[in-house]
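Number of protein chains: 2
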Amino acid sequence: MSKNSMLSARSIALEVSSKRMTAKQALQAGQTAIDAAESRLRVFSHLPKKLTAGKGPLSGVAVGIKDVFDTYDMPTGYGSKIYPLHKPVSDAALVSMLRRAGATIAGKTVTTEFAWFTPGATRNPHNPAFTPGGSSSGSAAGVAAGFFPAAIGTQTGGSIIRPAAFCGVSGYKPSFRLFPTVGLKHFSWSLDTIGFFAASAADIAYVAQACSGRDLAINESSRKAPNIGIYRSSIDDLISPDMEAALKSVAKLARSAGANVSTIRGPKAIEAARGAHAPIQGYEAPLSLGDEYARNPQKLSKKLRDYLKDCQSITPDDYDNARRTANRARKACHGLFDKCDVLLLPSAPGTAPRTLKSTGNSIFNQLWTLMGLPCVNICVGRDENNLPIGLQVIAPFGKDKQALQAAHWLEMMLANAES
Amino acid sequence: MSKNSMLSARSIALEVSSKRMTAKQALQAGQTAIDAAESRLRVFSHLPKKLTAGKGPLSGVAVGIKDVFDTYDMPTGYGSKIYPLHKPVSDAALVSMLRRAGATIAGKTVTTEFAWFTPGATRNPHNPAFTPGGSSSGSAAGVAAGFFPAAIGTQTGGSIIRPAAFCGVSGYKPSFRLFPTVGLKHFSWSLDTIGFFAASAADIAYVAQACSGRDLAINESSRKAPNIGIYRSSIDDLISPDMEAALKSVAKLARSAGANVSTIRGPKAIEAARGAHAPIQGYEAPLSLGDEYARNPQKLSKKLRDYLKDCQSITPDDYDNARRTANRARKACHGLFDKCDVLLLPSAPGTAPRTLKSTGNSIFNQLWTLMGLPCVNICVGRDENNLPIGLQVIAPFGKDKQALQAAHWLEMMLANAES
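Chains A and B are the protein sequences, given in the same order.
Basically the working numbering = 1-based index in the first sequence + 19.
Basically the working numbering = 1-based index in the second sequence + 19.
The following block holds chain A by itself, in its conformation from the complex (with noise of 0.2 Å):
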């Protein structure tokens, strides 16, 4: 599995809107490598006979699909067992908004279990014994495998950017409620944030634009070095060597190509957040999942019916408590943009994690979804093992395109050193 046999959803949009390609040739990109690997990959929940080209700026680009949005073309089991034949009567918003721009759904991908760490069948494709990471598995591991240019999926905990980084792909969680999540099957309202997956920040860029009309794009024509900083914080120790030694090289080389790189020490107020994430979702997982533990408690996995069951002596003070110490660190967050464009740490402690029982940890993702800042993986390397290490670029709230543009620097800086 190499870069290489990654689609890049901005070229085959410019092939397409240039007429050098239709855009029926260009839905048949991904259909060789789903043929020979999907049977190995276990991508998708659903793949579609059959692809119809759109029309607009994404005419020809297949998005896949996690399976926690609704489709109305397409069943929409949300990875449970409690619904294997569920057909939507509408479209998720987003799903909608895609299609508007042209975008052609390429399948449904596995999720874990709602969207929470109950494993899929899916395989990392750079090496089928390790997980791909989650809840977006399908999504991450099908841009990787080269099945589709582009995907949807979402973060709760570190949904998009662990699985990005696992499979090596990049991967953009917007700030929180940017886009709209009418349609997704919710887990907790709090932290849901949808995201997207692509071969590169420059073409998430320009699908998340696309779709949306906002002023997302890589500037091209921009070669001005992001100033850095390298936030470290209390949880760091968790840091595997291979990881820890792909940052200093990182933080090196953008030194060297003229980036200002500083530390960052996670401040106080913002790393008191981290023991809010779990009382948050926690408190608000057995009210989203209401009707399913009432009535059909034995169709969920027993890792999940425990999980709803526990959190139940959350009270709505803890609840409060939690919302108060996320909002005081949201506010503190402002602070940490004094002397930085963008923070740099890593998308997760190490690698993917040899086994396929679980997704790995979202340790390094959690806190910064719930502070709703937009982050966006990139790949910055490979371990013994051959498998991607990431590392995510994470701007202040609402500076998305900063972000992006500062990922792209990153991955553009990284492929000149490696050439």
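Bear in mind the hints are in silico, worked out from the structure with no lab data behind them.
These numbers come from a predicted model, not from an experiment.
Among the hints, a few may not be true.
Chain copies aren't distinguished; within one or between two, either way the pair holds.
[Said to hold, decoys possible] Derived pair list, reagent style EDC-like, types lysine to aspartate or glutamate, alpha-carbon separation capped at 20 Å: (1) Lys271 / Asp402; (2) Lys271 / Glu437; (3) Lys106 / Asp92; (4) Lys350 / Asp339.
Starting from the known structure of chain A, arrange chain B on it as the hints suggest.
For chain B alone, kept in the frame of chain A given last:
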């Protein structure tokens, strides 16, 4: 239609828990009124053949569910011609919470089309030539008519407080996101707020606490008079003479009963946010209903179709600017309560208009929905047509109990003044 025709949720729950009445008997309480008046009032979009009692603090309490909330066992049409036979696969979170507390679903109640402005069939129980208000038309009218002791609805502009005022029932729009909207058909996700209707503030507080576990129930032993700020602003020239007289009369009575009553002039930073509601709703609605607009435009009312089309000219920048204006105003809201516990102001410009083609004006509600503050409508009198006059009590964000308690104090004070 007298005040006495309404059913008290709290009294019913008490009768059942103390075994003076069975839950089954309690559920029959609204049946005579329904049989006598449903064909005239058109409260229900779906009326189940049989009601089954649950167990818990709401055992025997029938709750009307606005037909924008998903219910697994009843058709859910969202007030739209697109979904005449739609049966969701699961309950909305709030429906599930109510059932878990022992409540029985009284039926699905009429909503305007997608909870926007195109009216449904419901009439005002006080006079069928007048609108019941909207969009939670059936929920408010059903409580007023004694069909059920409690109901739930949603407010995006003024869809809880306005129909509560027009129908003469107590209505509660909680702090934004205090109760989950999971399983609600969204119109504008930054504004859509769930809420409750019942015969009194104490009844509402009982139901809201029973289903959420939040400390909201009225302290009956407290006789402490609230500090009341009469909120005056630039739109007060829209207030009808009847409404203005009622506001002055209530202020005078409250003062006599020991309340401190002052006047608060709407600060500039808050008043500036009045213009932010329209672009926020207008940007989000076409995304929320993107699927319906794309695939079933001919099944939308012309009014809604035109609105969704026109709104597509609202840019992400317009939207972001409006969100920033709203955020500044939210911060300024803290200062409103420096010298008072609650604000008091009209729930609508006047009483229900004599029309069935409109649900009235939400101008006195939009700002407070956008601010996310808890609002409670109380019925303070009648106009010359015997139509109810409603005022709203507003408390600081998260101080929902304070709003309910002050509303209760005013309701008790007015009942004493009448007798």
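Right, here's what the structure says about each hint:
no. : hint            : in the structure
1   : Lys271 / Asp402 : within (18 Å within a copy, 76 Å between copies)
2   : Lys271 / Glu437 : within (14 Å within a copy, 79 Å between copies)
3   : Lys106 / Asp92  : both (7 Å within a copy, 17 Å between copies)
4   : Lys350 / Asp339 : both (17 Å within a copy, 18 Å between copies)
In terms of the numbered hints stated before, the structure departs from none.
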